[in-house]
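Asks: Chain by chain, the residues run as shown.
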Amino acid sequence: MAVDRLSLEIPDRSITVLVGPSGCGKTTTLRMINRMVEPTEGTILIDGVDSRQQPVNILRRSMGYVIQNAGLFQHRTIIDNIATVPRLLGWSKDKSRARARELMERVGLDAALAKRYPYQLSGGQQQRVGVARALAADPPVLLMDEPFSAVDPVVRKGLQDELLRIQEELGKTIVFVTHDIDEAVKIGTMVAVLRTGGRLAQFAPPAELLSSPADAFVEDFLGADRGIRRLSFFSSAGLDLLTAPIVAVDATAEQIAARADAGAPYLLVTDVDGKPLGWSEPGRLTAGRIDRGQLLSHGRPFVAGQESLRAALDCAVLSPTGWAVAVDGEGRAAGVVSQQAIGEAIRGAHEDSVGPAKVLR
Amino acid sequence: MSGFFDIPSDLQHSWWGLIGLHLREALLPVLAGLLLALPLGQLCVRVRWLYAPVLWVTTVLYAIPSLAFFVVLIDYTGQTELTVMIPLTVYSLVVLVPAIVDAVRSVPQETLAAATAMGFGPVRRYLQVQLPIAVPAIIAGLRVATVSSISLVSVGTLIGNQGALGNLLHDATIYNRPELAWNAVITMAVLAMLADAVLVLVRVLLTPWMPSGAGRRTTPRTAGTRPVPAEPALKDAAR
Numbered sequence: 634m635a636v637d638r639l640s641l642e643i644p645d646r647s648i649t650v651l652v653g654p655s656g657c658g659k660t661t662t663l664r665m666i667n668r669m670v671e672p673t674e675g676t677i678l679i680d681g682v683d684s685r686q687q688p689v690n691i692l693r694r695s696m697g698y699v700i701q702n703a704g705l706f707q708h709r710t711i712i713d714n715i716a717t718v719p720r721l722l723g724w725s726k727d728k729s730r731a732r733a734r735e736l737m738e739r740v741g742l743d744a745a746l747a748k749r750y751p752y753q754l755s756g757g758q759q760q761r762v763g764v765a766r767a768l769a770a771d772p773p774v775l776l777m778d779e780p781f782s783a784v785d786p787v788v789r790k791g792l793q794d795e796l797l798r799i800q801e802e803l804g805k806t807i808v809f810v811t812h813d814i815d816e817a818v819k820i821g822t823m824v825a826v827l828r829t830g831g832r833l834a835q836f837a838p839p840a841e842l843l844s845s846p847a848d849a850f851v852e853d854f855l856g857a858d859r860g861i862r863r864l865s866f867f868s869s870a871g872l873d874l875l876t877a878p879i880v881a882v883d884a885t886a887e888q889i890a891a892r893a894d895a896g897a898p899y900l901l902v903t904d905v906d907g908k909p910l911g912w913s914e915p916g917r918l919t920a921g922r923i924d925r926g927q928l929l930s931h932g933r934p935f936v937a938g939q940e941s942l943r944a945a946l947d948c949a950v951l952s953p954t955g956w957a958v959a960v961d962g963e964g965r966a967a968g969v970v971s972q973q974a975i976g977e978a979i980r981g982a983h984e985d986s987v988g989p990a991k992v993l994r
Numbered sequence: 027m028s029g030f031f032d033i034p035s036d037l038q039h040s041w042w043g044l045i046g047l048h049l050r051e052a053l054l055p056v057l058a059g060l061l062l063a064l065p066l067g068q069l070c071v072r073v074r075w076l077y078a079p080v081l082w083v084t085t086v087l088y089a090i091p092s093l094a095f096f097v098v099l100i101d102y103t104g105q106t107e108l109t110v111m112i113p114l115t116v117y118s119l120v121v122l123v124p125a126i127v128d129a130v131r132s133v134p135q136e137t138l139a140a141a142t143a144m145g146f147g148p149v150r151r152y153l154q155v156q157l158p159i160a161v162p163a164i165i166a167g168l169r170v171a172t173v174s175s176i177s178l179v180s181v182g183t184l185i186g187n188q189g190a191l192g193n194l195l196h197d198a199t200i201y202n203r204p205e206l207a208w209n210a211v212i213t214m215a216v217l218a219m220l221a222d223a224v225l226v227l228v229r230v231l232l233t234p235w236m237p238s239g240a241g242r243r244t245t246p247r248t249a250g251t252r253p254v255p256a257e258p259a260l261k262d263a264a265r
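For the protein sequence lines, the chains are A and B, in the order given.
Using the working numbering, count along the first sequence one by one with no gaps and you end on 994.
Using the working numbering, count along the second sequence one by one with no gaps and you end on 265.
Hints are supplied without guarantee of correctness; some may be wrong.
[To be verified] Each computed SDA-like pair below joins lysine to any residue, with the alpha-carbon atoms no more than 20 Å apart:
no., chain 1, residue 1, chain 2, residue 2
1, A, K726, B, L153
2, A, K726, B, R151
3, A, K748, B, P237
4, A, K728, A, S695
5, A, K908, A, V882
[What the hints assert, rightly or not] What follows is a list of derived Cβ distance ranges for each label pair:
no., chain 1, residue 1, chain 2, residue 2, range
6, A, R685, B, T85, 27 to 35 Å
7, A, E671, B, L93, 49 to 57 Å
8, B, A223, A, G656, 47 to 55 Å
9, B, V228, A, R685, 52 to 60 Å
The set of hints was computed from the structure by calculation and includes no laboratory data.
All C-beta atoms, glycine included, are put in the ideal place defined by N, C-alpha and C.
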């Protein structure tokens with residue numbers, strides 16, 4: 634049996650992710666919603682109404698569907714692909730195409746692509762067309778079946794960010810199937826972890842999933858580094874950033890000397906605009922002629938307050954000095970923080986999250 | 027009175043007349059074969075187990091010599107063009123049925139699932155999605171069927187000069203005019219090549235959505251993780 638007595642209440646206007654190992658019935662579950670698979674027993678209620686009460690094709694036209702590899706119609710132009718459902722609903726050709734153009738813009742596709750055919754687009758672009766096509770008739774519900782799993786990681790991240798942005802604007806009820814727990818945690822408002830046979834293992838917001846997996850199966854599925862990944866839900870805003878160990882590249886000898894014992898074994902040298910250049914031991918710095926080539930790299934800085942504790946910890950781990958560099962929105966150094974300080978912040982965040990959680994997003 | 031294009035009067039046609047006759051006798055069976063093969067192929071796609079027996083029957087029919095067909099048919103349809111065209115129609119099925127089954131099956135599963143999910147009914151899905159995408163592979167089959175049909179028409183000579191250009195072969199022997207045989211062979215070859223070229227042109231016009239050019243037979247997908255199922259069909263069509 635593919636899916637056995639699954640009971641799930643999918644919240645309105647949010648992204649619900651179905652995740653689980655292959656063969657767990659997540660796609661079958663998704664396809665039961667638009668009746669591409671008919672359940673042998675049980676009912677599916679949409680806004681309280683049994684989905685079998687309306688003709689199947691009318692039901693399907695009211696739900697956008699995005700599939701792996703986009704499933705575009707290779708014999709139709711991009712604009713006609715997107716205009717498919719409006720045309721099925723009987724809109725005029727002009728109105729459908731106008732709508733399609735609007736959607737191309739919404740999903741970030743260049744209008745010049747309208748008259749192209751699918752084979753002329755990259756995988757990422759094709760997937761955007763797939764999303765635009767699903768949104769064309771402005772359906773309240775969007776079903777997405779592993780939509781991003783066939784594109785490379787960089788493109789996938791872009792598409793995920795784009796989906797979150799679109800969702801913020803449109804507020805659809807999205808059911809998203811994936812086998813990738815990272816994707817589930819990133820995208821989902823709620824995550825349903827399924828085990829073989831379509832049995833629900835846990836249904837929870839992602840942060841809760843990571844902090845308290847229901848059982849060994851969920852814990853195993855989340856992977857070994859769920860502790861680290863959970864950090865992406867804690868803001869870096871609470872970190873105590875030190876500004877004292879920062880010197881500009883044109884600093885005077887007095888300034889360097891004054892900062893030498895500012896509480897850090899290294900000083901961060903910035904350019905005249907305040908952008909970080911690299912680390913140095915205070916004794917190796919000579920005023921006036923700081924050699925940029927001598928500086929230790931500072932790794933990838935994190936954006937203070939915006940990025941999570943996970944990003945901060947990553948910076949500290951990557952930095953040869955063990956200190957992370959925080960920057961502001963413009964890339965200017967906002968302060969530095971040690972691994973130790975980050976560790977304390979993590980402990981604090983864990984304690985907080987037992988009480989009212991202070992969670993990013 | 028022995029020019030290359032001087033057609034003996036017993037054939038009752040000019041050279042151009044014979045060409046017209048030949049094309050009619052060759053192409054109408056292919057058209058009829060296509061009209062039969064489309065529903066038959068669709069049936070074989072829908073009812074999977076039917077494909078093997080259908081293929082078996084078409085192959086056996088193809089193995090029946092045309093002379094045997096004529097002997098049976100002549101009682102019903104006489105010494106007419108129809109007697110020639112019926113076996114040719116049957117023969118074309120051996121190429122067209124598998125071509126259409128492969129063509130329709132080569133439409134990617136995601137495309138079909140997407141069409142169903144968007145609310146296409148089965149008929150609309152067949153006409154608007156499956157058939158257009160199958161066009162290249164269907165035309166590849168049509169090319170083979172057409173060329174072989176053009177050459178097969180000449181057997182009609184056996185039943186009272188219904189072989190169009192093929193009749194020239196017979197006349198070449200009875201009038202001892204070898205140039206008539208040359209005429210028949212060369213004209214049929216040229217007709218076959220022209221018909222083939224026309225079908226290629228039709229395919230190009232019908233499928234602006236296909237990647238063109240020799241070096242780009244595979245669809246350029248950046249994802250590149252999935253073998254394109256339509257590929258054998260495309261290769262066939264490009265051949």
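Asks: All hints, please: hold or fail.
Replies: Going down the list of hints, with the structure as the test:
1. A:K726 x B:L153: holds (19 Å)
2. A:K726 x B:R151: holds (19 Å)
3. A:K748 x B:P237: holds (15 Å)
4. A:K728 x A:S695: Between K728 (chain A) and S695 (chain A) the Cα gap is close to 18 Å, so the pair holds against 20 Å.
5. A:K908 x A:V882: Roughly 10 Å separates the two Cα atoms, so the pair holds.
6. A:R685 x B:T85: 27 to 35 Å: About 45 Å separates the Cβ atoms of R685 (chain A) and T85 (chain B), which means 27 to 35 Å is violated.
7. A:E671 x B:L93: 49 to 57 Å: Taking Cβ atoms as reference, E671 (chain A) and L93 (chain B) lie about 55 Å apart, which means the hint holds.
8. B:A223 x A:G656: 47 to 55 Å: This hint holds: roughly 51 Å between Cβ atoms.
9. B:V228 x A:R685: 52 to 60 Å: Given a distance of about 45 Å, which is not inside 52 to 60 Å, the answer is violated.
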